[in-house]
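Below are the chains, spelled out letter by letter.
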Amino acid sequence: MPDVPGASGAEGAGERGEVAALSHGWGRALVFVYGLFAVAATGRSAVQLGLEPGKAPLAYSLSLVAAVLYLVATTCLLLGGRTGWRIAGIAVTIELLGVLSVGTLSYLATDLFPDKTVWSHFGQGYGFLPLVLPVAGLVWLRHTSPTAT
Amino acid sequence: MALCFAAAARPTLAAVTSWLYGAALVVAGLAAVLLVVDLIRDRAAQDSHYIALAVVELLMLVQLVVGVVALSRTSRDIEGAVFVSYLVTNAIIPVVAAFFSLAERSRVGTTILLLAVVTVAGLELRLWDVWGGPHA
Numbered sequence: 001m002p003d004v005p006g007a008s009g010a011e012g013a014g015e016r017g018e019v020a021a022l023s024h025g026w027g028r029a030l031v032f033v034y035g036l037f038a039v040a041a042t043g044r045s046a047v048q049l050g051l052e053p054g055k056a057p058l059a060y061s062l063s064l065v066a067a068v069l070y071l072v073a074t075t076c077l078l079l080g081g082r083t084g085w086r087i088a089g090i091a092v093t094i095e096l097l098g099v100l101s102v103g104t105l106s107y108l109a110t111d112l113f114p115d116k117t118v119w120s121h122f123g124q125g126y127g128f129l130p131l132v133l134p135v136a137g138l139v140w141l142r143h144t145s146p147t148a149t
Numbered sequence: 001m002a003l004c005f006a007a008a009a010r011p012t013l014a015a016v017t018s019w020l021y022g023a024a025l026v027v028a029g030l031a032a033v034l035l036v037v038d039l040i041r042d043r044a045a046q047d048s049h050y051i052a053l054a055v056v057e058l059l060m061l062v063q064l065v066v067g068v069v070a071l072s073r074t075s076r077d078i079e080g081a082v083f084v085s086y087l088v089t090n091a092i093i094p095v096v097a098a099f100f101s102l103a104e105r106s107r108v109g110t111t112i113l114l115l116a117v118v119t120v121a122g123l124e125l126r127l128w129d130v131w132g133g134p135h136a
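Heads up: the protein sequence lines correspond to chains A and B, in order.
For the first sequence, the working numbering puts the final residue at 149, and the numbers step up evenly by one.
For the second sequence, the working numbering puts the final residue at 136, and the numbers step up evenly by one.
One should not assume that every hint holds.
Taking lysine to any residue pairs in the SDA-like style, the calculated list, with each CA pair at most 25 Å apart, reads [what the hints assert, rightly or not]:
1) Lys116(A) <-> Arg126(B)
2) Lys116(A) <-> Ile78(B)
3) Lys55(A) <-> Arg126(B)
4) Lys55(A) <-> Ala54(B)
5) Lys55(A) <-> Asp77(B)
6) Lys116(A) <-> Phe83(B)
7) Lys55(A) <-> Phe83(B)
Note that these hints are calculated values from the structure, not bench results.
With the rest of the complex left out, here is chain A (with noise of 0.2 Å):
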């Protein structure tokens, strides 16, 4: 994956310090990632709980806490400054424990989730983006934090 801010040195948009720029440079291609997870991840708990709520419920609410996870960090990012880094963060990092508990929770045990979340396998059925996702947002959080100057 590109999304490796490291390596974008010459666009100079995550300069330390800055916390505006938790959009800019590689922080737009993330905010652009992380809005349709989050229009996916919404949509997605949206026909589930519409139309059978009680099929799988542990899988149902762990895809709607995955939809609120995804928009509030989209948020965040977007809005930038201390504390929208400081939420990031948060959100960030229950998304990566998230998905790792319950990309192994689907794996070995498989009837706790009779249907899929976003997280199920790992993100499996998104191109395991889900995976690669969080890593990628603390990478950039690390990058962009205000205090490292």
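Assemble chain B onto chain A, guided by the hints.
Relative to the frame of chain A, chain B by itself:
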């Protein structure tokens, strides 16, 4: 008369949806190759990319119209909400990606366009699943 028309239009429409699906995959694939090549050459998003993206967008708009008409005519059990939301999303993605990449005149912009065409191709595959193959 109207019934006759509907009966005659059905197989034609099925052919159109298959053809559109194939065309969308081929064009998105070609655009992706072009973008990857220019990404390797460290090029910013440029005219040829936007032309490719415009072709993808045009196909998506046609597909949106044809898809909705085909959905309204089919008697098969298709998840209509999912189907239409995929069609609409695919028509929006190239436009949003174009604006995003215009704001980032570097290889980041090229990367955004690449992510967009790959997403469109991925959603096409999902659309095909939801539609249930070539039969209408």
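The hints, checked one at a time:
1. Our distance criterion of 25 Å between C-alpha atoms is met by Lys116(A) and Arg126(B), whose separation comes to about 15 Å.
2. Simply put, Lys116(A) and Ile78(B) have alpha-carbon atoms about 19 Å apart, close enough for the 25 Å limit, and the pair holds.
3. With a CA separation close to 22 Å, the supplied pair Lys55(A) and Arg126(B) stays within the 25 Å bound.
4. With a C-alpha separation of about 41 Å, the suggested pairing of Lys55(A) with Ala54(B) is violated against the 25 Å cut-off.
5. For the given pair, Lys55(A) sits about 19 Å from Asp77(B) by alpha-carbon distance, which is consistent with the 25 Å threshold.
6. The straight-line distance between the Cα atoms of Lys116(A) and Phe83(B) is roughly 18 Å, inside the 25 Å bound, and the hint therefore holds.
7. Taken as a hint, the Lys55(A) and Phe83(B) pair is honoured in the structure, with Cα atoms around 21 Å apart against an allowance of 25 Å.
Hint 4 from the earlier list is the only one contradicted by this structure; the remaining hints agree with it.
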